[in-house]
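Chains as they are written, first to last, in the working numbering: chain A, 1 to 424; chain B, 1001 to 1108.
Errors might be hidden in some of the hints.
One-sided and incomplete, this derived list gives chain A residues near chain B with beta-carbon spacing under 8 Å [what the hints assert, rightly or not]:
hint	residue
1	Asp249
2	Ile250
3	Gly252
4	Val263
5	Asp267
6	Glu272
It is worth saying that the hints were derived from the structure and are not from the lab. Backbone N, C-alpha and C fix where the C-beta goes; we use that ideal spot for every residue, glycine too.
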Amino acid sequence: MKLNRRQFNAILATSVGTMAAPVPLLGQAKPKVVVIGGGAGGATAARYIARDGKGTIDVTLIENSKTYTSCFFSNLFLGGFRTFDSITHSYDRLESDFGVSVINGYATEIDRDQKAVKLRDGSSIAYDRVVVAPGIDFDYESIPGYSKEAADLAPHAWQAGPQTRKLHELMNALTDGQDIVMLAPPNPYRCPPGPYERASMMAHMIKTKGFKNSRVTILDVKPKFSKQALFSEGWQEHYPDIIEWLPPDIHGGVINVDAKAGVVETDLDTFEGAVLNIIPAMQAGAIAKTSGLTDESGYCPVDGASMRSRIDNDVFVIGDASIAGAMPKSGFSANSQAKIAAMNVRGDLSGSKVFAPKYGNTCWSLISAENSVKVGAQYSANEQGEIVADSTFISATGESTDLRSLAYRESVGWYSAIVADMFG
Amino acid sequence: MAKAKARIKVPKTASAGEIITIKSLVNHRMESGHRTDKDGRAIPRKIINKFTCEFNGKPVFSCDLGTGIAANPFFEFKARVMEAGTFHFTWIDDEGIKIEARKEIDIV
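Chain A extracted, bound-state conformation:
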């Protein structure tokens, strides 16, 4: 049998471990890892733990959807640059190629005393380590008049899937002269440049259809937003009479959303839209809260060196649900954090070597055809275990069309790569 370096190290660590200090989990038949949530964080973590564990760790992934539709690139679907199928993926290879047990179900709570994850169907799954990657849930009450039911009429489309299709349907039923009104969410939220990329895609659709009298109005609760200079420049150039962004000191704050009538009332004005895209405030996915893993912010404190929960040593929280310091909530971030968590989970369970973390993130935004801008950074953890940015980059205003086209193609390549990294 030929060993590669990693396998050799693993065996070395194991034998040293057994001889030197007792590592309790090594005595067990097969340590169990449960991953909650099959998004960019959860799918990556499950795949990496199973793949690098080489059959020594039992990995179960719990996910409520049968397929995964990525939130990243879903704006490109809305703009007509991608098909829905091209952003929808199967969990099959995680099972067939990597031996992950994928359970189609909804995890309601983690019994941290019993070390078991409870599912809505009443079953429960024991774990030695659990990776919590539930993404976000919405605080519908953050917007007066809005509710989960109202989201059927005025979709947020901030979790990709049926909501994305709903918004797409509404956008495509728009006629010339009808308007779109978007309510952008408060910080912190998933995908900071997302609402503004989406507005660009909506305007692109309006322009492509040849409409002369339809507008996209963004009512923001924030006085400024991600990549603002780049978006403002792009809108001025491509959609000068289509997109209008209004900060809170202009509209005066949202007083009521009437999804049925298609009206958003603010303190200083009233906005009517044939399409309302209402994006509420967010918090960590429900199970993070029911399992006592969140703090007063509604998100989960973690040690940035490992993504280990600061509340429970056997729990790792990754992606949108975690408080990841300087990292934005994005699919790229979640994927990057998943690999660090996976490394630490394997370190705990099989004694494999654990290194200091390096994280990365880039957020690309498509403004118009072949015209993408990006912002990103490399990160590490400081001595307090906070994730800090080591170097950052952002597209400049006035860039050449060649450079923007290159950024677009880079984003398309990244999409293929991250999907392969998540699902194999």
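With the hints as your guide, set chain B onto chain A.
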């Protein structure tokens, strides 16, 4: 994008003698005249220099604005309404451009 658009908040109805709150905001860049462009030339002053509010032709509130006033000037003030009628808001800028808006109120 910064079109001269007025946004006004006046209740649709009030009881006779009620004191109501009126809020008004107009999109205007309020160029102070103190700034220079990237070639070092002075950017000419262009501000809204006067704002008035009348009710059925009678003055309710007015003020002169200077160069120290920020972009998108916002005014909030109170008025006692005794009868139904129309509030008439007017903003005048340095080029003499007049932005007007009207809001009606009923007595119930």
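Grab the minimum C-beta distance from Asp267/A to chain B and call the hint holds if it beats 8 Å, violated otherwise. Status holds, d = 6 Å.
So, Val263/A near chain B? Judge it on the closest CB pair being under 8 Å. violated, 15 Å
So, Glu272/A near chain B? Judge it on the closest CB pair being under 8 Å. With Cβ-Cβ at 14 Å, over 8 Å, it is violated.
Would the hint on Ile250/A stand, with a C-beta cut-off of 8 Å toward chain B? holds, 6 Å
Can Asp249/A be said to touch chain B, with a Cβ gap under 8 Å? holds, 7 Å
Grab the minimum C-beta distance from Gly252/A to chain B and call the hint holds if it beats 8 Å, violated otherwise. Status holds, d = 7 Å.
In summary, the numbered hints that this structure violates are 4 and 6.
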